[in-house]
Amino acid sequence: MSEKSQEHFLEMVRTHQGIIHQLASLYADGQEERKDIYQEVLYQAWKSWPKFRGDAAFSTWLYRLALNTILTLQRAKRPMAVLEQAPDTAVEEHLHLEDKERLHAAIKHLADMDKALISLHLEGYSNPEIASILGMGENNVAVRLHRAKQQLSQKLKRV
Amino acid sequence: MVTEPFDKDLEAAIAMVRQGGIQSKHPLKRLKRNLLINICWAIIIFAAFFAALFVFNDVWIRMGILLMLSFTLWATWGSIRLYVGLQPLVSAENNVKAELNRQYALFTRWMKVQQNTGLVFYPISAATGFMAGGMEGSGKSVAEFIQLPFVMIALFVSIIVLVPFCYLLAKWMFKVAFGQHVDNMKQLMDSLEN
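So the sequence lines, in the order shown, correspond to chains A and B.
The first sequence: position 50 = 50 (this note's numbering), numbered continuously.
The second sequence: position 85 = 85 (this note's numbering), numbered continuously.
Treat the hints as calculated values from the structure; they're not laboratory data.
One or more hints might be untrue.
Under the rule of at most 27 Å between Cα atoms (straight-line distance), these lysine-lysine pairs were calculated in the DSSO-like manner [what the hints assert, rightly or not]:
id : chain 1 : residue 1 : chain 2 : residue 2
1  : A       : Lys-35    : A       : Lys-51
2  : B       : Lys-112   : A       : Lys-51
3  : A       : Lys-47    : B       : Lys-25
4  : A       : Lys-149   : B       : Lys-25
5  : B       : Lys-112   : A       : Lys-115
6  : A       : Lys-47    : A       : Lys-115
7  : A       : Lys-47    : A       : Lys-4
8  : B       : Lys-8     : A       : Lys-35
9  : A       : Lys-35    : B       : Lys-29
10 : B       : Lys-186   : A       : Lys-149
11 : A       : Lys-108   : B       : Lys-97
12 : A       : Lys-115   : B       : Lys-97
13 : A       : Lys-115   : B       : Lys-29
14 : A       : Lys-108   : B       : Lys-25
15 : A       : Lys-35    : B       : Lys-97
16 : B       : Lys-140   : B       : Lys-29
17 : A       : Lys-108   : B       : Lys-8
18 : A       : Lys-35    : B       : Lys-32
19 : A       : Lys-108   : A       : Lys-51
20 : A       : Lys-100   : B       : Lys-8
Reference listing, derived: stretches of chain A covered by chain B, where coverage requires no fewer than 3 residues with Cβ under 8 Å from a Cβ of chain B [to be verified]:
id : stretch
21 : 31-45
22 : 64-70
23 : 103-117
24 : 124-138
A short list of chain B residues far from chain A (calculated; beta carbon distances all over 10 Å) [as the list claims (entries may be wrong)]:
id : residue
25 : Ile-45
26 : Phe-130
27 : Ile-146
In this text, a Cβ means the ideal position worked out from N, Cα and C, and glycines have one as well.
Given the sequences, and given the hints that come with them, work out the whole structure.
Below is the structure:
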């Protein structure tokens, strides 16, 4: 890869590093795992960068790659639908936090695929775009989003 | 929701890209490395069996060795095909479902190669080893050796025990290495359907 291409990649990654930061924060348990996710996503992005043709926006490309990477990493076993089972204290710890941080904490307790759905939705992606990124049907996206929002709303009300 | 964070760990990771020091710990990379190790061992085993072919003069032992050579070739060919076709990078083009399916298929294919090897290769290897060892130890030919009392029963029992044992051992080894990862992927795939 030429130095120019490398610089372009680094510039793009710096501009969109919020995507990596946000997804790693949602999926990692602890700082060490977050660091591993940063490295893995950046490694994969770096290796795939020569194939990036710009057909999609860089942010969408990076989002899809980051999700594919994080969801296929060998991580510690987690319950799939933990919101109802999550200890209230885990969320109550965040009582003092600002709304955005409370929302982030609540999303963190969703099942892995719901986290992806909600974070894409909050990013402003439309349902067809989310369906395309995740490989789900549009109706399924709408139903799952509705359910995930209900779960979030219940959890946020309780705190 | 995405803001411009300042995270020193992320900055450090970006700096590692610049320095060329960033590494992957992705299971696909581990799988590819395991496959390579497996292929190297298979080549060594093949060479050892090939040499053994010239050591033993008995036709039955030679047939057993030839059978093992065939299975080694078959298993190695499966591993080589998997190795060559294994793209160790995560796809940025596939959607999440397609990528999960792709990686799940790779791991389960590897699991089948391992289990089939356990099912076929080890028992034949053990039986041939048993006959070769018995022949050398007793100073008799295979035809004479199997006439000894309990030899056929011992051989039969060892095969009956070894086949399920080796199969389950291969299954357990895969489960230890990648079992939880494969289960997680399956759960995620199911959660995309529901």
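>> So, against the hints stated earlier in the document, which numbers end up violated here?
In response: Violated hints: 2, 4, 5, 16, 19; rest satisfied.
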